[in-house]
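K.L.:
If you want the building blocks of each chain, they are given just below.
2 protein chains.
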Amino acid sequence: MSERIESAGGKPLLLNGMEGDEKQHDDLWNRPGYLVRRLHQIHVGLFAEEFADTGMTPVQYAMLSVLAVHNALDQLSLSKAVGVDRTSGADVIKRLARQDLVVRTKSPEDRRMKLVVITPAGATLVRQMRPAMEAAQSRLMAPLAPEDRKFFMDALRQMIEANNSASRAPMS
Amino acid sequence: MSERIESAGGKPLLLNGMEGDEKQHDDLWNRPGYLVRRLHQIHVGLFAEEFADTGMTPVQYAMLSVLAVHNALDQLSLSKAVGVDRTSGADVIKRLARQDLVVRTKSPEDRRMKLVVITPAGATLVRQMRPAMEAAQSRLMAPLAPEDRKFFMDALRQMIEANNSASRAPMS
DNA sequence: GCCAGATAGGAGGTATACTCCATATCTTGG
DNA sequence: CCAAGATATGGAGTATACCTCCTATCTGGC
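Heads up: the sequence lines are chains Y and A, in that order. Here my numbering is used: the first residue of the first sequence is 1, the next is one more, and so on. Here my numbering is used: the first residue of the second sequence is 1, the next is one more, and so on.
Hints are computed from structural coordinates only; laboratory data are not their basis. Beta carbons: idealized from backbone N, C-alpha and C, even for Gly. One thing to keep in mind: the hints can contain errors.
To be verified - Which bits of chain A does chain Y cover? Going by a derived footprint, with three or more residues having C-beta under 8 Å, they are: (1) 34-44; (2) 54-66; (3) 101-110; (4) 131-144.
Said to hold, decoys possible - Under the rule of at most 20 Å between Cα atoms (straight-line distance), these lysine to aspartate or glutamate pairs were calculated in the EDC-like manner: (5) Y:150 x A:74; (6) A:114 x A:100; (7) Y:106 x Y:74; (8) Y:94 x Y:74; (9) Y:150 x Y:161; (10) A:150 x Y:27; (11) Y:150 x A:147; (12) Y:114 x Y:134; (13) A:150 x A:134; (14) Y:114 x Y:85; (15) A:150 x Y:147; (16) A:150 x Y:100; (17) Y:114 x Y:161; (18) A:114 x A:154; (19) A:150 x A:161; (20) Y:106 x Y:91; (21) Y:114 x Y:91; (22) A:150 x Y:154; (23) Y:150 x A:100; (24) Y:150 x Y:134; (25) A:106 x A:91; (26) A:114 x A:91; (27) Y:150 x A:27; (28) A:106 x A:74.
Kindly produce the complete structure, drawing on both the sequences and the hints.
P.N.:
So this is what it looks like as structure tokens:
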């Protein structure tokens with residue numbers, strides 16, 4: 001899984017001969033929000049590599065994963081389930097529908113709702129791409145010592161659960 | 001460590017009466033990439049709260065922080081320094097320029113380059129908003145037991161450095 | 001000196017992730 | 001029953017974060 005290219009060895013601000021001020025360097029690397037943004041970008045990059053065939057994105061796969069379990073969900077419930085904003089979710093669903101991976105129908109019970117249903121093609125794709133998704137997850141965590149991974153996941157879950165209301169897309 | 005707030009308890013898929021399938025629930029919450037995306041969203045939300053006055057974003061503040069230390073940087077070096085793609089960086093710089101926080105000039109030595117320089121207004125703003133930035137960082141980490149925070153930061157740095165080349169915006 | 005390749009930037013396209021405002025539909029209090 | 005509030009969606013606008021293709025400029029080998 002991914003031979004480390006160490007020449008790329010990424011710390012910022014080791015700029016071209018300008019004697020990259022160590023103070024500033026340490027500064028960015030001591031901001032958790034900054035590091036989380038960077039790690040998120042890396043995950044998106046790893047995911048894109050693993051899903052290069054399909055062009056599918058992490059959020060699209062998350063939505064399809066959820067839909068593979070639930071028969072039908074309205075757009076709002078689905079968006080909450082994957083932790084995205086309602087309008088972002090609607091956009092993602094639109095793109096999934098364009099690829100015929102889901103179908104949207106008006107709910108007969110509540111005509112405000114659009115029910116989203118996964119198609120057979122969508123269900124097949126979720127199943128087929130699951131190893132690719134797991135590879136992206138594994139590669140992300142690979143640099144951590146195995147015994148540290150559980151701790152890291154627990155830390156993430158703690159921070160998310162406690163700060164959930166601060167997010168613009170609080171989950172349910 | 002960290003009393004779980006179970007009322008906010010943002011777990012997905014505890015949907016309206018549809019008996020939120022625990023299997024699926026556990027699934028998303030066991031994907032580190034998913035959790036990192038969620039935590040990133042939360043940080044952006046916290047940051048937006050702390051910077052409500054100015055409307056400044058995390059990336060904009062990171063860029064200004066870097067510029068406050070270096071006299072002048074071309075757009076590519078600046079983008080690499082904050083770990084964003086060249087074209088994303090150019091967009092951010094454009095918005096900073098629109099608010100008169102930076103100025104762009106053609107480099108006399110290499111006329112391909114546009115040098116970005118922070119203005120006095122920009123430098124003042126960085127200094128003034130630093131407590132807000134630090135508040136956002138603190139709030140993000142607050143749910144972790146203090147003794148766990150260093151571990152978490154180290155884990156982030158490990159994963160970022162080792163996976164840096166996989167990111168679409170590898171840092172210098 | 002000149003041409004080939006590298007580099008910096010810009011333009012246009014896509015995806016996520018929000019904002020606010022508008023519209024349609026449902027639900028509930030009086 | 002009906003009007004008021006809540007809810008589900010849609011549309012327009014903004015910001016980050018990529019992509020590809022293109023032009024301008026610099027650098028190195030000959």
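K.L.:
None of the hints should be skipped; say for each whether it holds.
P.N.:
Do the hints match the structure? See the list:
1. 34-44: As far as the stretch 34-44 of chain A goes, the hint holds, because 11 residues have Cβ atoms under 8 Å from chain Y.
2. 54-66: Our answer is that it holds, as 5 residues pass the Cβ test (under 8 Å) against chain Y, meeting three.
3. 101-110: violated (count 0)
4. 131-144: It holds, with 9 qualifying residues against the three required.
5. Y:150 x A:74: violated, 41 Å
6. A:114 x A:100: Measuring from Cα to Cα gives roughly 16 Å; hence the hint holds.
7. Y:106 x Y:74: Holds, at roughly 9 Å.
8. Y:94 x Y:74: holds, 13 Å
9. Y:150 x Y:161: Answer holds: residue 150 of chain Y to residue 161 of chain Y is near 16 Å, not above 20 Å.
10. A:150 x Y:27: Holds, at roughly 15 Å.
11. Y:150 x A:147: Between residue 150 of chain Y and residue 147 of chain A the Cα gap is close to 16 Å, so the pair holds against 20 Å.
12. Y:114 x Y:134: Roughly 31 Å separates the two Cα atoms, so the pair is violated.
13. A:150 x A:134: Within the cut-off at roughly 16 Å; holds.
14. Y:114 x Y:85: Holds - the C-alpha atoms of residue 85 of chain Y and residue 114 of chain Y are around 16 Å apart, at most 20 Å.
15. A:150 x Y:147: Holds: residue 150 of chain A and residue 147 of chain Y sit about 16 Å apart, inside 20 Å.
16. A:150 x Y:100: Violated - the C-alpha atoms of residue 100 of chain Y and residue 150 of chain A are around 46 Å apart, more than 20 Å.
17. Y:114 x Y:161: Cα-Cα ~29 Å, so violated.
18. A:114 x A:154: violated, 35 Å
19. A:150 x A:161: Holds. Residue 150 of chain A to residue 161 of chain A sits at ~16 Å (cutoff 20 Å).
20. Y:106 x Y:91: holds, 17 Å
21. Y:114 x Y:91: Cα-Cα ~13 Å, so holds.
22. A:150 x Y:154: holds, 14 Å
23. Y:150 x A:100: Answer violated: residue 150 of chain Y to residue 100 of chain A is near 46 Å, above 20 Å.
24. Y:150 x Y:134: holds, 16 Å
25. A:106 x A:91: With a Cα-Cα distance of about 17 Å, the restraint between residue 106 of chain A and residue 91 of chain A holds, given a limit of 20 Å.
26. A:114 x A:91: holds, 13 Å
27. Y:150 x A:27: Holds - the C-alpha atoms of residue 27 of chain A and residue 150 of chain Y are around 15 Å apart, at most 20 Å.
28. A:106 x A:74: holds, 9 Å
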